[in-house]
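Single-letter residue listing:
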Amino acid sequence: MNFVGSHILSVSQFDRQAIRTVFEVADRMLPYANRQRITRVLEGAILGNMFFEPSTRTRVSFGCAWNLLGGEVRETTEIKASAIAKGESFYDTARVLSGYSDMIVMRHQLEGSVDEFAVASRVPVINGGDGANEHPSQALLDLYTIRKEMKDRGKNIDGLRIALVGDLRYGRAVHSLCKLLTLYENMHFILISPPELSLSAEYVDDIKRAGHKVLESDELQTGIGHADILYVTRTQEERFPNQAEADKYKGLFRLNQSIYTEYCEPNTVIMHPLPRDSRGNANELDNDLNENPNLAIFRQTDNGVLIRMALFALILDVVDKVEETSSKVNWYTARRF
Amino acid sequence: MNFVGSHILSVSQFDRQAIRTVFEVADRMLPYANRQRITRVLEGAILGNMFFEPSTRTRVSFGCAWNLLGGEVRETTEIKASAIAKGESFYDTARVLSGYSDMIVMRHQLEGSVDEFAVASRVPVINGGDGANEHPSQALLDLYTIRKEMKDRGKNIDGLRIALVGDLRYGRAVHSLCKLLTLYENMHFILISPPELSLSAEYVDDIKRAGHKVLESDELQTGIGHADILYVTRTQEERFPNQAEADKYKGLFRLNQSIYTEYCEPNTVIMHPLPRDSRGNANELDNDLNENPNLAIFRQTDNGVLIRMALFALILDVVDKVEETSSKVNWYTARRF
Amino acid sequence: MNFVGSHILSVSQFDRQAIRTVFEVADRMLPYANRQRITRVLEGAILGNMFFEPSTRTRVSFGCAWNLLGGEVRETTEIKASAIAKGESFYDTARVLSGYSDMIVMRHQLEGSVDEFAVASRVPVINGGDGANEHPSQALLDLYTIRKEMKDRGKNIDGLRIALVGDLRYGRAVHSLCKLLTLYENMHFILISPPELSLSAEYVDDIKRAGHKVLESDELQTGIGHADILYVTRTQEERFPNQAEADKYKGLFRLNQSIYTEYCEPNTVIMHPLPRDSRGNANELDNDLNENPNLAIFRQTDNGVLIRMALFALILDVVDKVEETSSKVNWYTARRF
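These protein sequence lines are chains A, B and C, in that order. Under my numbering, the residue at position 79 of the first sequence is numbered 1182, and the numbers go up by one with no gaps. Under my numbering, the residue at position 185 of the second sequence is numbered 1288, and the numbers go up by one with no gaps. Under my numbering, the residue at position 294 of the third sequence is numbered 1397, and the numbers go up by one with no gaps.
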């Protein structure tokens, strides 16, 4: 895979070598994300951070990753202010906005919208989420986190046993992560969900065809004992036909410290694509896990900055200039990673 | 016209010499907008990009132009979050906000609001659109595009034959462009609109008084054959009393490649202030024109960045420092202009 | 008080020495806010300007203060786009967002929300307003303005006679200012409000316990004659149970030039936390005061930038590096202070 000048639209673009490249560059971004050094490699470059669907976390994460490389960010945060609302095609929007910036991150609720946009864009586009379809940087940061956490525990991604818990039907993050994981070897997938929210056959078949083991269950305790990673998800309320339908499934699987202690192997890693729903009727990951050092959910979002910096640096071909444009930090910094 | 420290509120401020100055500076901005060089001339300067009416394109274009000169942008994107909604006068808003930045671009739906704001502002203000009234940078970028496109075809603005097509009654862009064009000589204006949406007598009279020829028509094919430029507009739905009233006029004039081929002279330039409405019931410029090299609509928005950079540089008196604070570009760039 | 790495959550954190420190640093920020010099001391640093309640003025003021120190700003401007709306706890939001920036300014309508957020944040947090509770930078800029205005008139904060006028019940700015003023000596507080909107006993008792004099009145003219400062407030409509209830109190106290001339001592300073409500039925400070040199309301907001720069510089421990990273200004600047 040649990153320079490329669009990042789907996890399907990535093979193991491409993933390895992204992860190696992400590792090299740590001193900058961690505020040990600053780099000005993208000084003068502009990111069009075009979020046509509300988002704080992903939008700020991309914007921050760009700023950490020294560039400027121009943003939009909703669709109603946009020309799209006045009947403009994605083609036109892309042609226009791509005259304003050096790269575009785009989110839009319509599946396929970002692909359509990218065709007409004159600058590289990263898919920041197109409805229930793709959100490749999320899948990459999840996999990067898995790699790091496994490495810290003396293991690899190959041979991994991962339990996917909750809404496996509508969870975009789960789908993309599954696609990436099938590139590795000898995996065990433990799929824990209510039958109505189980992983679609298409994904299960892909996993099996790639030679991995699949165990399905509708009970939390059953499978988590044999997992290296628990990947827990929120019920994707916004994808259900109505709230009542979504509420039926909220709170079905709740992991807390006592269940963890009783059923999991020591050092089992807990992940979640965030936000976790901490309201009483959901609470899929209890707050009493917050001090558990195996709770990796905030390391995931921290890693997101590294992954996004890596994608930017690769696409704009500045990986080797990051260090030469770097300098020391002037101000007080708390260590974060 | 002395630009330094001035407000840009109306196209009426510009004479031919002032326009020539803006265009010359705009030409010099090309290497920076085109990412061949970066300049840091406004490093440390802050733009207050105050959009009290939704906008993506114009807001991002101004913000990007400022960033390209090395400055920072602070923004607002709606009115409901503002003190104006709590009964604050434009005078107060201007006094306050002008303490935060080095220049302000303001958009507000109320006609005359930006003038009122500018009186109290302690820093230069550019009108980014006040309702149906003025949007001077749009008119300048349209005229700049006309000059460029004509020059590429061995012609001048003097002697130009321009067909204005569609909603000529509510189209702010058309009104401002007409005002600027009357400064030139021996123009032919071909006004094509339904009678109810024709250009108001006040504008027509001004054009005639300035010695230009005017032909009015309610049929697309009639006039476009003799035009150097077709300036097509969207029905300004938001200015109509209701949607039903607006819908009556949508789709009346639709230009596509076969009409273009049959009726237009070769190399007739197609312009549009954008967004074009590409929904089936409107579609004033068909997508089958997208590969027509005479479709200049995206060159217009690209030129907008140059014009806005030029206005900023002239008002802040940094034109001659742009180059001396410039350096090479570190990253991969696609050519855009 | 040790500023480095600290959260700024409440005015209660400040004693006279801490206030003196902030004000001395604020004084040193003047050449930068005034665009006589630029500084790049925070080049590469990122502010998370997290406004989960609409605001233009305060948000832009914080963002601008950070930009003036050379840093970048990432923002959010509403709650509905945020994960909080999907059931995320402040703990989680803080853990996530604090991985993206070097400091966070947070506003949220819920009292105590910012405290809760700060506990989990890995970077320093400044309270930008949590409902009717605290907004410490506003109180500091008010006190800084009082100090400056008094100094210009040969007086000190000690011994000050201040009239607080209007909605003293719901006005957060008034409450915080009172807390700070009680740290000084021999003050006269003249409290002018309708009985229903009088300052709560808790604040009055604190003032008296600190040894200051309190005079209460429900008539404007009564007390303003003996004041050095008139601190006039808007009726905080948004804190009332409904609009009708709020409207009862609008317009009860209206200061204009003729009342000022008749009742006030010469050079009495007029302050207001802004926005002032200039609609006919409110109009607590008439526009005919705009040319009165004692109207300090816009000097207040200008001072806000200095105070916010000072807090940032102190917390990030860069006060002594501001000057050494500074340079001359390239562009045309109007003098503002």
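Simulated from the structure, these hints should not be mistaken for lab results. Please note: incorrect hints may appear among the correct ones.
Since the list gives no way to pick one copy over another, a pair counts as held whenever it fits inside one copy or between any two copies.
As the list claims (entries may be wrong) - Within a straight-line C-alpha distance of at most 25 Å, the following computed DMTMM-like cross-link-like pairs (lysine to aspartate or glutamate) qualify: (1) LYS1189 with ASP1255; (2) LYS1189 with GLU1214; (3) LYS1251 with GLU1394; (4) LYS1282 with GLU1181; (5) LYS1183 with ASP1350; (6) LYS1431 with ASP1420; (7) LYS1351 with ASP1309; (8) LYS1183 with GLU1340; (9) LYS1351 with GLU1219; (10) LYS1351 with GLU1427; (11) LYS1254 with GLU1214; (12) LYS1424 with GLU1368; (13) LYS1251 with ASP1321; (14) LYS1311 with ASP1321; (15) LYS1282 with ASP1350; (16) LYS1258 with GLU1214; (17) LYS1424 with GLU1365; (18) LYS1183 with GLU1214; (19) LYS1311 with ASP1350; (20) LYS1351 with GLU1322.
Intra- versus inter-copy proximity for ASP1321 and LYS1251 (alpha-carbon distance at most 25 Å): neither (29 Å within a copy, 67 Å between copies)
When no copy is named, should LYS1183 and GLU1340 be tagged within, between, both, or neither for a Cα gap of at most 25 Å? Both: 22 Å inside a chain and 15 Å across chains, each within 25 Å.
When no copy is named, should LYS1424 and GLU1365 be tagged within, between, both, or neither for a Cα gap of at most 25 Å? neither (50 Å within a copy, 54 Å between copies)
First find the shortest C-alpha distance between LYS1189 and ASP1255 inside one copy, then the shortest across copies, and answer within, between, both or neither for a cut-off of 25 Å. neither (52 Å within a copy, 32 Å between copies)
25 Å Cα threshold - placement of ASP1350 relative to LYS1311: For LYS1311 and ASP1350, the Cα distance exceeds 25 Å both inside one copy (31 Å) and across copies (54 Å).
Intra- versus inter-copy proximity for GLU1214 and LYS1258 (alpha-carbon distance at most 25 Å): For LYS1258 and GLU1214, neither the intra-copy (36 Å) nor the inter-copy (46 Å) Cα distance is at most 25 Å.
For the identical chains here, do LYS1282 and ASP1350 meet the 25 Å Cα criterion within one copy, between copies, both, or neither? This pair counts as neither: shortest intra-copy Cα distance 28 Å, inter-copy 46 Å.
Intra- versus inter-copy proximity for ASP1321 and LYS1311 (alpha-carbon distance at most 25 Å): Intra 19 Å, inter 65 Å, cutoff 25 Å: intra-copy only.
Measure nothing new, just compare the shortest in-copy and cross-copy C-alpha distances for LYS1282 and GLU1181 to 25 Å and report within, between, both or neither. neither (29 Å within a copy, 34 Å between copies)
I want to check one pair: LYS1351 and GLU1322. Are their C-alpha atoms no more than 25 Å apart within a copy, between two copies, both, or neither? Close inside one copy (16 Å), not across copies (59 Å); limit 25 Å.
Evaluate LYS1251 and GLU1394 at a C-alpha cut-off of 25 Å and name the case that applies: within, between, both or neither. within (19 Å within a copy, 48 Å between copies)
Homo-oligomer pair classification [ASP1420, LYS1431; C-alpha up to 25 Å]: both (23 Å within a copy, 15 Å between copies)
Violation of the numbered hints given earlier is confined to hints 1, 4, 7, 9, 10, 11, 12, 13, 15, 16, 17 and 19; the remaining hints are satisfied by the structure.
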